[in-house]
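Chemist: Listed below, chain by chain, are the residues.
4 protein chains.
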Amino acid sequence: MDGFPAFLLDGYKSFMSDRYDPEQGRYRELADQGQSPTTMIIACCDSRAAPETIFSAGPGEMFVLRNVANLVPTFQPDGGQHGTSAAIEFAVAALEISNIVVMGHGRCGGIKAALAPDAGPLAQGDFIGKWMAMLAPVADEVSKYTLLTNKERQTMLERFSIRNSINNLRTFPYVKRLEDEGKLAIHGAWFDISTGELWVMNDEGDFYRPDV
Amino acid sequence: MDGFPAFLLDGYKSFMSDRYDPEQGRYRELADQGQSPTTMIIACCDSRAAPETIFSAGPGEMFVLRNVANLVPTFQPDGGQHGTSAAIEFAVAALEISNIVVMGHGRCGGIKAALAPDAGPLAQGDFIGKWMAMLAPVADEVSKYTLLTNKERQTMLERFSIRNSINNLRTFPYVKRLEDEGKLAIHGAWFDISTGELWVMNDEGDFYRPDV
Amino acid sequence: MDGFPAFLLDGYKSFMSDRYDPEQGRYRELADQGQSPTTMIIACCDSRAAPETIFSAGPGEMFVLRNVANLVPTFQPDGGQHGTSAAIEFAVAALEISNIVVMGHGRCGGIKAALAPDAGPLAQGDFIGKWMAMLAPVADEVSKYTLLTNKERQTMLERFSIRNSINNLRTFPYVKRLEDEGKLAIHGAWFDISTGELWVMNDEGDFYRPDV
Amino acid sequence: MDGFPAFLLDGYKSFMSDRYDPEQGRYRELADQGQSPTTMIIACCDSRAAPETIFSAGPGEMFVLRNVANLVPTFQPDGGQHGTSAAIEFAVAALEISNIVVMGHGRCGGIKAALAPDAGPLAQGDFIGKWMAMLAPVADEVSKYTLLTNKERQTMLERFSIRNSINNLRTFPYVKRLEDEGKLAIHGAWFDISTGELWVMNDEGDFYRPDV
Chain R
1 MDGFPAFLLD
11 GYKSFMSDRY
21 DPEQGRYREL
31 ADQGQSPTTM
41 IIACCDSRAA
51 PETIFSAGPG
61 EMFVLRNVAN
71 LVPTFQPDGG
81 QHGTSAAIEF
91 AVAALEISNI
101 VVMGHGRCGG
111 IKAALAPDAG
121 PLAQGDFIGK
131 WMAMLAPVAD
141 EVSKYTLLTN
151 KERQTMLERF
161 SIRNSINNLR
171 TFPYVKRLED
181 EGKLAIHGAW
191 FDISTGELWV
201 MNDEGDFYRP
211 DV
Chain C
1 MDGFPAFLLD
11 GYKSFMSDRY
21 DPEQGRYREL
31 ADQGQSPTTM
41 IIACCDSRAA
51 PETIFSAGPG
61 EMFVLRNVAN
71 LVPTFQPDGG
81 QHGTSAAIEF
91 AVAALEISNI
101 VVMGHGRCGG
111 IKAALAPDAG
121 PLAQGDFIGK
131 WMAMLAPVAD
141 EVSKYTLLTN
151 KERQTMLERF
161 SIRNSINNLR
171 TFPYVKRLED
181 EGKLAIHGAW
191 FDISTGELWV
201 MNDEGDFYRP
211 DV
Chain P
1 MDGFPAFLLD
11 GYKSFMSDRY
21 DPEQGRYREL
31 ADQGQSPTTM
41 IIACCDSRAA
51 PETIFSAGPG
61 EMFVLRNVAN
71 LVPTFQPDGG
81 QHGTSAAIEF
91 AVAALEISNI
101 VVMGHGRCGG
111 IKAALAPDAG
121 PLAQGDFIGK
131 WMAMLAPVAD
141 EVSKYTLLTN
151 KERQTMLERF
161 SIRNSINNLR
171 TFPYVKRLED
181 EGKLAIHGAW
191 FDISTGELWV
201 MNDEGDFYRP
211 DV
Chain H
1 MDGFPAFLLD
11 GYKSFMSDRY
21 DPEQGRYREL
31 ADQGQSPTTM
41 IIACCDSRAA
51 PETIFSAGPG
61 EMFVLRNVAN
71 LVPTFQPDGG
81 QHGTSAAIEF
91 AVAALEISNI
101 VVMGHGRCGG
111 IKAALAPDAG
121 PLAQGDFIGK
131 WMAMLAPVAD
141 EVSKYTLLTN
151 KERQTMLERF
161 SIRNSINNLR
171 TFPYVKRLED
181 EGKLAIHGAW
191 FDISTGELWV
201 MNDEGDFYRP
211 DV
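Chains as they are written, first to last, in the working numbering: chain R, 1 to 212; chain C, 1 to 212; chain P, 1 to 212; chain H, 1 to 212.
To be clear, the hints were calculated from the coordinates, so they are not data collected in a lab. A portion of the hints provided could be inaccurate.
When chains are identical, the list treats them as one kind, so a pair holds in a single copy or across two.
[What the hints assert, rightly or not] Computed list of lysine-lysine pairs in DSSO-like fashion (alpha-carbon distance at most 30 angstroms, straight line):
1. K130 to K144
2. K112 to K144
3. K151 to K176
4. K183 to K151
5. K144 to K183
Use the sequences and the hints to build the structure in full.
Modeler: Below, the structure is given as structure tokens:
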């Protein structure tokens, strides 16, 4: 193992002077009293779509799960180790957050892999194929949409995937119950890396650009 | 579903003027050419410990997996849907990153749950207990360290957990091989929310505060 | 028949003072020398999407065909009275224009009718159903895209229809030959009435927002 | 295909700042509530005679059909694809417009072709001859009016054509019925490109210059 990457230490130094020092009181308070974020974001690991950056979030504001392609599985209490489900449970039951945002983004490598499961460097892999298989029924369906260009198909699957994850979220009994009681709101969002545009989802599942 | 949270739209507006506009060329380049981050960070969902914030990372720099307590399971190619393993495979095989940093933090709720599996709001939950059980051998061991105060025990388990995750990372054959070939470096880091201190791990597994 | 509508006369009066008088020389020149527009626009009759308005076009700049849903039929020299084909022939053979733009728009009533041919006030009509039947193979196909919301399906058919019209344009032998010779360029565009956004089509058939 | 024409993008940019921005509320309302124009204009494709320009029309005011020489065929419910008839049906049956204006103009190239069907670049064409043949009985008749100069003959055919189209409009049963019921008014207009003069038709079919 080499030394700790210098660019990370440089970044940390900037953080300390630019962010931590001015917000020192906030960090201490958050340490003493524990976190109480109102919002959980389920986002992708992609290096170009960090939720804290896109939403200018300060410390303590967002509980952030990130996996490949921001997928949510259905509720499967089978005793297995479900990291995404564990994070959802923690956010809802322990933190009592009031919003969950499933946030996708353009040019997602995971979605691309779902559309071409037999191509690319991950075709023979052990995990990506299995992970994205969660989306296989949707990906198979969209692969039949022959009038779409490749780019349109990718974008549509990114959106279908967000709607699919939101449907899956509602298979968690406590999520469903709290949403029905008006105590938890579920949202969808899609970020366009190229243009910086943010699209959010309405009740019909359509994406639109909100006024900001 | 209510409207999209206003504070997120406000944050997005700030992002557009403060970050996206000055870095527009960078975002477009990242969209056109794809991401090529050099570093993967495996971090916790905790709202107080966002890696991009702590390392002042710009777009495209970090591929970031976040789950509860920044755990890495062992290599289990059993056909199941392993989100964390899928992200590791994607980072190593598709993105060919050269650094993996497992980053923990102080006052971690997941670690606290691992130390008291029969207490708290998640004791009867479906997923958190199972997820943190990955750390049960280590947690059971540290619970016998009767000379530690509760706070020391929590901090020690946060650190043991980072070392445990790093050991588990090395059960992935391609991670092990690339590390042996000097093409991939694995690091540990721990962030103290209260003081803003960053501690990093050396080759012996010891944590120290680097000069910055 | 009542008198000529007063609001049209009011509008004409404004035109004379605001547009004709300042451009009088241009109008006289256009009358004396004939029109020589460089561009043909094939657009919809919709009252919300006038091409001269959207492109701020002056007199003599655009030869504009408008029919319901901006459709182009295939080349059918069967002796029938094909108004759209006549306009294309006039633009290409007599005016020797160098650009054809097929321009669609959001919330198109004709496209809506194509998606629901058995509903609405036109279901029993004599002509709309037949006219939109030109798009039936595409509309039937997109009606199978069950993952799309109604709004997405409408937007996608608006775009598919533009691509379909462009393909049909290329069945006109002189259009094809001139395009191959680099003397005629064919473009697609889509206008969003709600936001004012203009999207144009690239060589892959994808729509994007150009920098303006 | 080359890039999208720059002059169109420039025009669009002007539209956005000069027209869309001040009328943004109107555009959004028109998008949300649908169009409800009171008037249909049947005009020529000619680049010098755009109805929205001549009548200073705002968004949502005019449903505009444009074909070569603003012709209306007779009612022919033969199952063929009649674009002009489809637009009329859409305007009357779906939009319930209350005015139809057939608008011709001076120096019309289509009318010129009708007067000299064996000359000019379109003589051997596939569609223009057939299209203008709709006007052949009228054109043949006017060609016998040997006392007219060529310029007078052109102008007279432009006017005869408007009257002919209006007669043909009345062969559509629903047009006739609504006109008889006083719910739909039919108008004729003729625009002189050279002088900017607008002439409108009275009940006797005479054209006169209205006071404005």
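Chemist: Next step is simple, just say for each hint if it's right about the structure.
Modeler: How the hints compare with the structure:
In the homo-oligomer, the alpha carbons of K130 and K144 lie at most 30 angstroms apart both inside one protomer (21 angstroms) and across protomers (27 angstroms), since each shortest distance falls under that limit. Taking the closest pair of Cα atoms, K112 and K144 come within 30 angstroms of each other both inside a single copy (15 angstroms) and across two copies (22 angstroms). Only between protomers do K151 and K176 lie at most 30 angstroms apart by alpha-carbon distance; the minimum there is 26 angstroms, versus 34 angstroms within a single protomer. Taking the shortest alpha-carbon separations for K183 and K151, only the inter-copy value of 29 angstroms comes in at or below 30 angstroms, while the best intra-copy value is 37 angstroms.
Taking CA atoms no more than 30 angstroms apart as the test, K144 paired with K183 passes in neither setting, with 39 angstroms inside one copy and 36 angstroms between copies.
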